[in-house]
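One-letter residues, chain by chain:
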Amino acid sequence: MAEIWNGLTKAIELIISLDPEVIQIAGRSLTISMAATLLASLICLPLASLIHFRRFPGKRMLINLIQTFYSVPTVVIGLFVFVLFSRAGLLGGLGLLYTPTVMILGQMVLITPILLGLTVSALRGVERAIIDTARSLGASGSQTMVLVLKEARFAVMAAVIMGFGRAISEVGLALMVGGNIRGLTRIITTAISLESSKGELELALALGMILIFIALVVNILFNRLQQR
Amino acid sequence: MALLETVNLYQRFDKQDILKNINLKVDKGEIFALIGPTGAGKTTLLRLVNLLDLPASGIIYFGGVDTSESARMRTELRRRMAFVFQKPVVFNMSVYDNVACGLKWRGEGKSEIGKKVYNILEMVTLSDYKDRNARTLSGGEVQMVAIARAIISEPEVLLLDEPTANLDPASESRIETLITDITHRRNTTIIMATHDMSQGQRLADRVGVLLNGEILQSGGWHDVFNSPQNREVANFVRVENIINGVIALSQDEIVAINVGENVIEAVSDYPVGEEVCVCIRPEDITIARLKFSSSARNSFAGEITRMVSFGALTRVEIDCGFPLVALITKRSAEELDLDKGKQVYASFKATAIHIIKR
Chain A
1 MAEIWNGLTK
11 AIELIISLDP
21 EVIQIAGRSL
31 TISMAATLLA
41 SLICLPLASL
51 IHFRRFPGKR
61 MLINLIQTFY
71 SVPTVVIGLF
81 VFVLFSRAGL
91 LGGLGLLYTP
101 TVMILGQMVL
111 ITPILLGLTV
121 SALRGVERAI
131 IDTARSLGAS
141 GSQTMVLVLK
151 EARFAVMAAV
161 IMGFGRAISE
171 VGLALMVGGN
181 IRGLTRIITT
191 AISLESSKGE
201 LELALALGMI
211 LIFIALVVNI
221 LFNRLQQR
Chain B
1 MALLETVNLY
11 QRFDKQDILK
21 NINLKVDKGE
31 IFALIGPTGA
41 GKTTLLRLVN
51 LLDLPASGII
61 YFGGVDTSES
71 ARMRTELRRR
81 MAFVFQKPVV
91 FNMSVYDNVA
101 CGLKWRGEGK
111 SEIGKKVYNI
121 LEMVTLSDYK
131 DRNARTLSGG
141 EVQMVAIARA
151 IISEPEVLLL
161 DEPTANLDPA
171 SESRIETLIT
181 DITHRRNTTI
191 IMATHDMSQG
201 QRLADRVGVL
211 LNGEILQSGG
221 WHDVFNSPQN
231 REVANFVRVE
241 NIINGVIALS
251 QDEIVAINVG
261 ENVIEAVSDY
271 PVGEEVCVCI
281 RPEDITIARL
291 KFSSSARNSF
301 AGEITRMVSF
311 GALTRVEIDC
321 GFPLVALITK
331 RSAEELDLDK
341 GKQVYASFKA
351 TAIHIIKR
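Chains as they are written, first to last, in my numbering: chain A, 1 to 228; chain B, 1 to 358.
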């Protein structure tokens, strides 16, 4: 118990003193997950609009499939990305394995189902009359899509935040494709798992607190948007 | 050439015909009112004309062009129209942006849009609200925004679905004035759906009666109102007395129609033996306590079975061997001392009768 207490106080010291390693790791976590979320959003928002607006056979199946992948284990995506980018893999020639870039790509793949599925749900929340009104006022297909995304902006933002939350809190994928290389691909979650297995609780606890703080901020934002 | 024309138009939902064989022609600058009860298919027809939905079968021509060609063309044609829904919705943005939308989508310049929006907001007296989120407006204000954003693009065809159904009388007359002013100046073609016959009468050049998905009659207001072509239309335009009879005599365009025990005389050239409906508008019937000689050819003794007053008018139901409904002023009902159970004489002119073949 004393050990944990000791670790906790030291962890707080590390945060307050803005320990360079803590700041660096937290910063990298944020950068990688934000980049992944941004990329995923750029792909998913238009794609979700297309899925929502187009009528095609198997649409319901596709949405079911997307929803199934909400909770796909991160290590499964990790394995998939690893195989793809390993030397013998399809994209092995790029030499991206164990770089932040491949971590961004991996997290992007990981959160795509959540972003896609929740954005489709968000768009469904926009009443039919809004779409009809837009079309009757002369909006083309793409102009209507943009308008509907705008109308659903709070729910869409909530979907993006959910995606970010999943990206920043995952560990399996970052470990597998990032390799937890100090100063290069070490992020909050991988650092915590390494430090705690080494028995060095201070750094692990400090990073854990930062992660919880980030989760708290994300949640507050999420709730605010849900209430709009 | 008609600006808008529909040919054999059908619309179907769940294997049910919502619209049947609609053949409509509307000329440029014309104001056409679709009248009919709720559920008759008025909104469905307007949606087809606005090219929002595709018909089950049939063709819509806009300016002589077949609109079924491509989606891109339908968008282009839709930009020459505007449609105000019965229950308009506003976008979750400012009043200004709501009104500006249509012009933005048509690719107009910012300063041009600004000028037009200010102008139109002035017209609908919503200038003070331009920065407010449109979602916070009242029902009447939303209606104003909906009309403003429709007319701002100066459409060639304006489609109005019950434009004043959820407004108070003052706003209603303001909107009617606005519509007639603007459209008159720009020679806009209007197709409006209304269940309010008096509104149709006030605004429209021509009306079409839509009942159960079919246009049963169209023409000038006066024709439809006074000479309905069949029983359903007669019913809808509130010809309250529709009596079945058979023509018994015909001479010099005057016919005698057997109605049970009684004979009604009317102006008509239907031959003897024809089975007909005798239509008499309730306001064309006069009531007296004593049998008097007037120019009215038809006069029947009867007993008042029911009396209902609304506003300045009183509806009197009389049993003369056949039921008759008369509409008289409340004052004359009082002067005649009418009451349920009293004996009266109901009279109407032969020329006030419209005859429909059964």
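It should be emphasised that the hints constitute simulated quantities derived from the structure, not laboratory data. Every residue, glycine too, gets a C-beta built ideally from N, C-alpha and C. Be aware that a few hints might be false.
Claimed, not checked - So the derived list for chain A, only partly shown, Cβ under 8 Å to chain B, looks like this:
no.: 1; residue: 129
no.: 2; residue: 130
no.: 3; residue: 140
no.: 4; residue: 147
no.: 5; residue: 193
no.: 6; residue: 197
no.: 7; residue: 201
no.: 8; residue: 202
To be verified - Calculated from the model, a selection of chain A residues having no Cβ within reach of chain B, i.e. all distances over 12 Å:
no.: 9; residue: 31
no.: 10; residue: 83
no.: 11; residue: 87
no.: 12; residue: 90
no.: 13; residue: 96
no.: 14; residue: 126
no.: 15; residue: 128
no.: 16; residue: 138
no.: 17; residue: 162
no.: 18; residue: 183
no.: 19; residue: 194
no.: 20; residue: 215
What the hints assert, rightly or not - Residues from chain B that face chain A, not an exhaustive set, calculated with beta carbons under 8 Å:
no.: 21; residue: 61
no.: 22; residue: 75
no.: 23; residue: 78
no.: 24; residue: 96
no.: 25; residue: 106
no.: 26; residue: 149
no.: 27; residue: 320
Inset, instruction - Answer holds if the nearest beta-carbon of chain B is closer than 8 Å to that of residue 129 of chain A; otherwise answer violated. - result: 4 Å, holds
Legend entry - Proposed interface contact between residue 149 of chain B and chain A, which counts if any beta carbon pair is under 8 Å: 6 Å, holds
Legend entry - Hint check: 8 Å Cβ-Cβ cutoff, residue 197 of chain A to chain B: 50 Å, violated
Legend entry - Restraint satisfaction for residue 130 of chain A [CB to CB of chain B, less than 8 Å]: 6 Å, holds
Inset, instruction - Mind verifying the non-interface call on residue 183 of chain A? Its CB should be farther than 12 Å from each CB in chain B. - result: At roughly 46 Å from the nearest Cβ of chain B, residue 183 of chain A sits farther out than 12 Å, so the non-interface label holds.
Inset, instruction - Go through the hint on residue 140 of chain A and say holds or violated, using the shortest Cβ distance to chain B against 8 Å. - result: Holds - the Cβ of residue 140 of chain A comes within 8 Å of chain B, reaching about 5 Å at its closest.
Legend entry - Proposed interface contact between residue 193 of chain A and chain B, which counts if any beta carbon pair is under 8 Å: 44 Å, violated
Legend entry - 12 Å cut-off, C-beta based - residue 162 of chain A kept clear of every residue in chain B: 21 Å, holds
Inset, instruction - Report holds if the minimum CB distance from residue 194 of chain A to chain B is greater than 12 Å, and violated otherwise. - result: 47 Å, holds
Legend entry - Hinted contact residue 201 of chain A with chain B - closest CB pair below 8 Å: This interface hint is violated because 49 Å lies over the 8 Å limit.
Legend entry - Closest C-beta approach of residue 78 of chain B to chain A relative to 8 Å, hint status: 6 Å, holds
Inset, instruction - Evaluate the condition: distance from the CB of residue 128 of chain A to the nearest CB of chain B exceeds 12 Å. - result: Residue 128 of chain A is in fact no farther than 12 Å from some Cβ atom of chain B, at 9 Å.
Comparing the model with each earlier hint shows violations of hints 5, 6, 7, 8, 14, 15, 16, 21, 24 and 27; every other hint is respected.
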